[in-house]
Amino acid sequence: MSLQISRRSVVAGATAATLAAPAAHANDAALVEAARKEGSVTWYIAQVDSETAERMGRAFTARYPGIKVSVIRTTGQVAFERLSQDLKNSAPQCDVFSTTDVGHIPALKRRNVLAEFVPADAGLISPAFKGLEDPGYSYPTTSTLMLMIVNTAKVKPEEAPKAWSDLLDPKWKGRAAFGHPGFSGYVGVWTVQMRKLYGWQWFEKLAANRPRVGRSGNDPISLLNAGECVVGLGPLSTALASAARGNPIGVIYPTDGSVVCVGPSAVMANAPRPNAARLFANWLLSEEFARLCIDQKIDPARGGMPPIEGAKPLTDVNLLRVGTDELVKSVPEVIEQWRETFV
Amino acid sequence: MQSSLEEVDTGAFTLMNYYTAFSRPRYITALWNSLRLGAMVTVLCLIFAVPMAWAISRTNMPGKNFIRLLMLGAFITPPYLGAIGWILLAGPNSGWINRFYMALTGAPEGIFDIYTFSGLAFVIAIYSFPFIFIFTAAALDVVSSEMEDAANILGAGTVRTTLKITLPMVLPAIMAGAIVTFLEAIALFGTPALIAIPARFNVVTTQLLQFFSQPIRAEVAAAYAVPLLLVTIALFGVQKMITRRRGFVALTGKGGERRIIDLGRGRWVMFAYSMAVMTLAVILPYIVLAQAALAKGWGRGFSWDNLTLKNFEYLLFQHETAAQSVINSFTYAAAAAFIAIGLGLAIAYIVSRKLLPWVDVLSFLAMAPFVVPGIVLAIAFYAAYAPPPLALYGTATILILAFATRFLPIGYANADAAIRSINPEMEEAVRILGGGRLMAIRKVMAPLMKRSLIGAWLLVFIPATRELSSAMFLYGPNTRTMSVMLMDMSEEGNFEHLAALGFLLLAATLVIVAGATAFLGRDFMMRREKK
Numbered sequence: 001m002s003l004q005i006s007r008r009s010v011v012a013g014a015t016a017a018t019l020a021a022p023a024a025h026a027n028d029a030a031l032v033e034a035a036r037k038e039g040s041v042t043w044y045i046a047q048v049d050s051e052t053a054e055r056m057g058r059a060f061t062a063r064y065p066g067i068k069v070s071v072i073r074t075t076g077q078v079a080f081e082r083l084s085q086d087l088k089n090s091a092p093q094c095d096v097f098s099t100t101d102v103g104h105i106p107a108l109k110r111r112n113v114l115a116e117f118v119p120a121d122a123g124l125i126s127p128a129f130k131g132l133e134d135p136g137y138s139y140p141t142t143s144t145l146m147l148m149i150v151n152t153a154k155v156k157p158e159e160a161p162k163a164w165s166d167l168l169d170p171k172w173k174g175r176a177a178f179g180h181p182g183f184s185g186y187v188g189v190w191t192v193q194m195r196k197l198y199g200w201q202w203f204e205k206l207a208a209n210r211p212r213v214g215r216s217g218n219d220p221i222s223l224l225n226a227g228e229c230v231v232g233l234g235p236l237s238t239a240l241a242s243a244a245r246g247n248p249i250g251v252i253y254p255t256d257g258s259v260v261c262v263g264p265s266a267v268m269a270n271a272p273r274p275n276a277a278r279l280f281a282n283w284l285l286s287e288e289f290a291r292l293c294i295d296q297k298i299d300p301a302r303g304g305m306p307p308i309e310g311a312k313p314l315t316d317v318n319l320l321r322v323g324t325d326e327l328v329k330s331v332p333e334v335i336e337q338w339r340e341t342f343v
Numbered sequence: 001m002q003s004s005l006e007e008v009d010t011g012a013f014t015l016m017n018y019y020t021a022f023s024r025p026r027y028i029t030a031l032w033n034s035l036r037l038g039a040m041v042t043v044l045c046l047i048f049a050v051p052m053a054w055a056i057s058r059t060n061m062p063g064k065n066f067i068r069l070l071m072l073g074a075f076i077t078p079p080y081l082g083a084i085g086w087i088l089l090a091g092p093n094s095g096w097i098n099r100f101y102m103a104l105t106g107a108p109e110g111i112f113d114i115y116t117f118s119g120l121a122f123v124i125a126i127y128s129f130p131f132i133f134i135f136t137a138a139a140l141d142v143v144s145s146e147m148e149d150a151a152n153i154l155g156a157g158t159v160r161t162t163l164k165i166t167l168p169m170v171l172p173a174i175m176a177g178a179i180v181t182f183l184e185a186i187a188l189f190g191t192p193a194l195i196a197i198p199a200r201f202n203v204v205t206t207q208l209l210q211f212f213s214q215p216i217r218a219e220v221a222a223a224y225a226v227p228l229l230l231v232t233i234a235l236f237g238v239q240k241m242i243t244r245r246r247g248f249v250a251l252t253g254k255g256g257e258r259r260i261i262d263l264g265r266g267r268w269v270m271f272a273y274s275m276a277v278m279t280l281a282v283i284l285p286y287i288v289l290a291q292a293a294l295a296k297g298w299g300r301g302f303s304w305d306n307l308t309l310k311n312f313e314y315l316l317f318q319h320e321t322a323a324q325s326v327i328n329s330f331t332y333a334a335a336a337a338f339i340a341i342g343l344g345l346a347i348a349y350i351v352s353r354k355l356l357p358w359v360d361v362l363s364f365l366a367m368a369p370f371v372v373p374g375i376v377l378a379i380a381f382y383a384a385y386a387p388p389p390l391a392l393y394g395t396a397t398i399l400i401l402a403f404a405t406r407f408l409p410i411g412y413a414n415a416d417a418a419i420r421s422i423n424p425e426m427e428e429a430v431r432i433l434g435g436g437r438l439m440a441i442r443k444v445m446a447p448l449m450k451r452s453l454i455g456a457w458l459l460v461f462i463p464a465t466r467e468l469s470s471a472m473f474l475y476g477p478n479t480r481t482m483s484v485m486l487m488d489m490s491e492e493g494n495f496e497h498l499a500a501l502g503f504l505l506l507a508a509t510l511v512i513v514a515g516a517t518a519f520l521g522r523d524f525m526m527r528r529e530k531k
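Chains as they are written, first to last, in the numbering used here: chain A, 1 to 343; chain B, 1 to 531.
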C-alpha cells in the first residue's frame, strides 16, 4: 500500500501542536542544570555521516555550554550490535540511540531498555511520520527517500530508467548498483517494499542482470562517481550532497515509487547521563537540529521546515511507506532471501 | 595478563554450537573460500617477496634504496585504502587500466575484473608481501657467504647456489613470513568487505559479521572460527617438521664474510621485476588516490577547475577528529608494539630453551590470536574488559591490549626467528664460564638481537596502525582510530576526504620511519648497517 503525503498535511501538522502527549518533557532550567552537571551525552547515531554528526554535536554544545556530545557513528546494524553488547555486558554507554532500522525499537522495548520519555516538541513532528513513533518511547528524528540515482555524465536523460522495473533491462547488465539489507537499515526498508510490489521473483530476475551489490546504502554513490556503475539505488540526502560537490550524480524519482525511510531516536533506560540524554532528545526535534539536517539534504522529522534545495516537493512524488510492524517481521526475511539470491 | 587474554578466546571455544555454524552450504563455502584465499595470497606473496629480498640483500641490483622506500609505502598502506585504489584501477567498467586497454585495443570489455576471487587475492597480496620480504631479507642479511662460496667452488652457478644453498638456509624465516601472511589474509575484514561482497562470495570474516548481526550468535561465531585454529596448528606442525629435519643455525658468532653477488646484466632484470611489483602495490594506487584527494568532486575526473587543496586543509585545520584519529592510531600502535615484542620475546625464549613444560602449547597460544579474526577478538575483549570492575570501554587501554594481542604472533614469530638464528653454544659458553642465565641474556642475547627486535617493533607498529577489524568494535568517542575513520568515510561515499586522509597517514608514517631510521642510522627493514 502506498501512502500519498500532501504538502498541505505537512504544513497542517506543523501548526497543530495538539499531538503532544501530556507528559512532554520541557527544557526547563532544572533539566538544563542537571544535564550540565552530567557534563556530556553519548549519542549512538546511524542516521547521518560522522562529519555531520560531529557538527551537530558541536551545535548542541554551543547551545548548552558545558555539555559535550560524544558521537559514536556507525551504520544502523553495527550501532545495534554495539548497543546489544553494552546491554549484554551491563556496561551502559549510550544515552540516546538514533538508528536507521525502526525494527530495532520494538526489539529494545521488549527488553525494557528504553526510557519512557516524550520529547518537548513531539507534537511538532510532521504528520508525514504519523504512525512511525512509539508514543512515550521512540520518535522519528530524520528521514530521507531511497530512490534511483544515475551518473549524469554517462546516461542521457532520455535513456535513463524511469521505474525500478526498468532495471531488469539487459541494457543495465553489470551497471546497476545496490546496497545490502544485511548492513544498511534503509536498504532493508527498500527491499521489503520492492518485494511487496513485485514479489521476490523480481530480485531473482535482477540477480540475473548481475547488479553490483555493496554494503552501505551510500556505496552505489561511490560506484556511480567512479563510473563503474551508471544507475542504482541511493538515499536522496547523500546523492544531493555528493552532487553539490560537483559529482555527476542525478536523482530519479521512479514512477513506481520512492521509499520513505525514517530514522527513529530513543532515550535509553539505563542511560549513564539521564538528564543530558533527555535534553539532547528534545534537541533532536528542535528547529535548530532541523536546520542542520536541511543543510545536509536530510529531511528532519520536525514539520514546517523549508523544503530541501534540489529535492522535488513531496506532493509531486509517488511515496511508498512500510509500517513498523511489517518491517520488524519482513526485514530479517529479506536479509535471508537476499543472501540466498545475491550473497 | 596474557594468559588471561588467551582464556577469553579459548574459553569461548568451549561453548560451541558447531551444528549451526556448519548447517548451511553457504557457511562452509565461505570457510573454504578463506582457506583458498589464504593459500593463494601466500603463494603470490612468496613470488613477489622472495626474489626481491634476495636481490636487495645479496646482489648488486641498482636502486635498492628506492625499492625499499616503495616497500615501506606498500607496508604502511592500509589494505583497505589500497583496495579502494585498486577498485578505481581495475573496476571492470571504469577502472583506469581497463579503460586504457579498451582505448588502446578497441576491445568492448576491459581485461581485469577486481571483483573476482583472484582479484581479491591479488589486492590482499600486494599489501601483505612486505611481511615475507622483511622476514626473508633480515635472515639473508646474516647468512654468511662461506657455504655459497663452497658451492661456487664446486662448480654451481649463481642460480643453482641460490636455490640450493642460500634460500634453504633462510627457510625458517620464509616460512614464518608465509604463515604470518596466510593468517593475515584469512583474518582480514576490510578488503573482503570491499571486494568479496560485490563479487558475490563470502569469506570467513564477512560471514562472521553475519553471526554478529541480529540475532547475535557469538557462540556460533566462535565455533565457526575453530577450523581456522586447526589449520594454524597444522601449519605449525609442518613448520616444525621441516625445520627439525635439518639444522638452520646460521649465526654462530664467528665472523662470516657476506659478499654481494654480481648479477651482471641480470641486475636490471631484477630491478625491472621489483619495480613492476612496486608499481602495482604503490605507484598506481596512489596516483588514482591523488586524483581523488586533490579533487573537488572526484567523479568529475581530471580537470584544472576540479583541482583543490581544500580536502587537506579541511582535514588538518577544520575536521575535529581527523588529526586526533591519526595521533590515536600511532600512539596505540606504538604501545601495542612494546607489549607484543616484550611478551613475544619472553615466550620465544622460554620455548626455545624449554624452560617450562608444555612449551609447544605456549608457542601455539602465542600464535593463536592472529587466526582469531579481529571481530571475534574484539567481542571477547569487550565482554572481558568493558563491564565493571575494569570498565575499560572507550579507553585507549582496551584498544592497546587488543592490538597487542592481535599482533603478538608477529612479535613472537620475530623473536623466535631471532633466537633460533643464534647458536645456543654462545649462551652455553657464558654459562660454562660461570655466568648465569640472566647474564647470558643480557650480555650475549640482547646485543645480538637488538637490531632485529627494533625491526620487529616496527613490524608490529605498522600493521597496528592499519588495524581495522578489532578497532571497529572497541573504539569509543575519544579513541577513534584512523582505520575506523577511513571506513566511515568510504561508507559515506566521501572519497575526496578519504584519499586525502590516506596521504596524510602516508606522510606521517614516512616522517616517523625516517626519524627512526636517522636515529638508528639504518633502515629498519634491513638488519645490516649500511657500509
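These are computed hints drawn from the structure, not numbers from a lab. Treat the hints loosely; a few may be bogus.
[To be verified] Derived DSS-like pairs (lysine-lysine); straight-line CA-CA distance at most 27 Å:
(1) Lys450/B x Lys354/B
(2) Lys450/B x Lys154/A
(3) Lys450/B x Lys156/A
(4) Lys205/A x Lys162/A
(5) Lys88/A x Lys312/A
(6) Lys329/A x Lys205/A
(7) Lys312/A x Lys296/B
Outcome of the hint check:
no.: 1; hint: Lys450/B x Lys354/B; verdict: 22 Å, holds
no.: 2; hint: Lys450/B x Lys154/A; verdict: 58 Å, violated
no.: 3; hint: Lys450/B x Lys156/A; verdict: 65 Å, violated
no.: 4; hint: Lys205/A x Lys162/A; verdict: 18 Å, holds
no.: 5; hint: Lys88/A x Lys312/A; verdict: 44 Å, violated
no.: 6; hint: Lys329/A x Lys205/A; verdict: 24 Å, holds
no.: 7; hint: Lys312/A x Lys296/B; verdict: 25 Å, holds
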